[in-house]
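Chemist: Here the protein sequences come in this chain order: E and A.
Note that the numbering used here numbers the first sequence so that position 23 is 23, with each residue one more than the last.
Note that the numbering used here numbers the second sequence so that position 92 is 273, with each residue one more than the last.
Hints listed in this document are in silico derivations from the structure and should not be mistaken for laboratory results.
Heads up, a few of these hints could be off.
As a list, the in silico DSBU-like pairs of lysine-lysine whose alpha-carbon atoms are at most 35 Å apart [unchecked claim]:
#	chain 1	residue 1	chain 2	residue 2
1	E	Lys2	E	Lys165
2	E	Lys88	A	Lys421
3	A	Lys464	E	Lys2
4	E	Lys161	E	Lys180
5	A	Lys562	E	Lys168
Residues from chain A that keep clear of chain E, each with C-beta distances beyond 10 Å, as calculated [claimed, not checked]:
#	residue
6	Asp225
7	Phe280
8	Leu368
9	Pro383
10	Gly438
11	Asp448
12	Gly461
13	Gly567
14	Arg578
Note that the Cβ used here is the ideal one computed from N, Cα and C, for glycine as well.
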Amino acid sequence: MKEIRIHGRGGQGSVTAAELLAVAAFKDGHYSQAFPSFGVERRGAPVAAFTRIDDIPIRLRSQIYEPDYIIVQDPTLIEVVDVTGGVKPGGKILINSDFSPETFKLDTPAEVMTIDATRIALDIIGLPIMNTVMLGAFAGATGEINIRSIQYAVSERFPGKVGEKNSKAAYEAYKRLEAKR
Amino acid sequence: MTDNPMEKMSVVEGSYATAHAVKVCRPNVISAYPITPQTHIVEDLSQFIADGEIDNCEFITIESEFSALSALVGASAAGARTYSSTSSQGLELMHEVVFNVSGMRLPTVMTVVNRAVSAPISIWNDHQDSISERDTGWIQLYAENSQEISDLTPLAYKVAEDKDVMLPAMVCMDGFILSHVFEPVVLLEQDLTDEYLPPYRPEHILDTKNPKTFGSFADPSVYTEFRYMQQKGMDIALKKIEKAVDEFTRIFGRDHGGLIDTYRADDAEILLMAMGSVVGTIKDVIDEARIDGIKVGLLKIRSFRPFPVEAVRKTLADAAVIVVLDKNISLGLNEGSLCTEVKSCLYNTDINTPVMGFMLGHGGRDISKGTIHMIIDKSQKVARSGIKVENEFVDVRGDLI
Chain E
1 MKEIRIHGRG GQGSVTAAEL LAVAAFKDGH YSQAFPSFGV ERRGAPVAAF TRIDDIPIRL
61 RSQIYEPDYI IVQDPTLIEV VDVTGGVKPG GKILINSDFS PETFKLDTPA EVMTIDATRI
121 ALDIIGLPIM NTVMLGAFAG ATGEINIRSI QYAVSERFPG KVGEKNSKAA YEAYKRLEAK
181 R
Chain A
182 MTDNPMEKMS VVEGSYATAH AVKVCRPNVI SAYPITPQTH IVEDLSQFIA DGEIDNCEFI
242 TIESEFSALS ALVGASAAGA RTYSSTSSQG LELMHEVVFN VSGMRLPTVM TVVNRAVSAP
302 ISIWNDHQDS ISERDTGWIQ LYAENSQEIS DLTPLAYKVA EDKDVMLPAM VCMDGFILSH
362 VFEPVVLLEQ DLTDEYLPPY RPEHILDTKN PKTFGSFADP SVYTEFRYMQ QKGMDIALKK
422 IEKAVDEFTR IFGRDHGGLI DTYRADDAEI LLMAMGSVVG TIKDVIDEAR IDGIKVGLLK
482 IRSFRPFPVE AVRKTLADAA VIVVLDKNIS LGLNEGSLCT EVKSCLYNTD INTPVMGFML
542 GHGGRDISKG TIHMIIDKSQ KVARSGIKVE NEFVDVRGDL I
């Protein structure tokens, strides 16, 4: 089983990202499960969302304590939330930032990667909403999910032009990190 | 049936799967008031009706839960198939009417999206809300996952509307943990549901051409018999649930168990008991503990009312220790309700097995695999050296007391 924890702020689409990841993983032929941290999700407040992916039906219902992968949508969270907590050795932490991974000086056994998802979102979608971009980056950085499945999930949730732009932005992020894998 | 079960599945929210299951049951009147975490179900149903996807169905938007269930009393008495959904304070506000629905033998089905009760206010999951309606004469079924909540919905109607039962049913799902989870589920097929669940044709309805009294005054010369007959309905429901499960499996090809289900229980020395979504986590932990050679198994309660006394006794007979996990507490007894039921089952039998009660998951406190492992460790000690503490709270934070 692979477990993913997504950190963001209310309004950044972290819960949606977890759900889309579950849809994409299922499209790839896996069982999946996505759920929010069940907080009172006020705009701007730190939130977390979770996705599990496995080849057998998923029964576990607890929150995720030892994730394989962590997605950080907003780097300012690093100062207020233990975003690296419990990550498995050999795991990956993907941060939305235009800085290098070393900048964050994270004490973690996992590999830290950064992608300027907000920039990609502004350039392609025209809005600083980076959740779908981070999913593309996740597919590129980890190889766990087919980027076509991410794009399918995004287009299904957001029909029409909005979906097209988000899908394109996800693919751009995928290409950048896939090249580094 | 396809060889690959995933072919028929789609990844949707648990609330959507529930709303879809209600839709294919062809309700005539839905009346509900929004309350977290139930809201998504009635939002989805409202959308279905707005989109013309449910024929001959009226959605009554109403000013409170008390009125929501009251409206269904009238609708159900007039012969409609009725549905509502609520949580926590919403259910407690319905309380007076909850008794009426059962006493008037109206087979309403209601999804209870389980949430802790106030005060202090909490939107998160435990079972205190539905457990507090334990004695109201409603059938209570508890679901482990999105598929089970879907599948229990037509089953609840089938049993509730059986002419020998005629009792309302609550189908209980854990708030957020199941209501807000996205996972693969087979959305119930309309044609199969129609085959499974016939239209509701009550023997007695409110009809101006043929007037009858529902919910009449009952003086001491007849009141006892009303209660007696409700209990008879519950007794019959035990058999009808098993029958409805068999028919469901024949038509839909899925089997979640009958009144109870078991997991690796055959040779279990430690037998855990629980209901709802925590059962999934427990199954994973049982697999891990079995690798370490610990003989642990599970008895899952699907029907809490009627309570399957015989099935529970039979399953528990050979265990060395019985460990009951409750997401509720009877304050003043220091015990969860499932634990009380289990002890009650075992008295006056030859079974003299220690029963340990653990109260956990209150107000949404997460139940990790580590918590279940800890409980198994404690029960191993009891299996060896006898019981010292009958009931205890799990994960109490000493720093807050």
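Chemist: When the structure is checked against the list of hints, which entries are broken? Sort them ascending.
Modeler: Numbers 2, 5, 12 - these are the hints that the structure violates, sorted from lowest upward.
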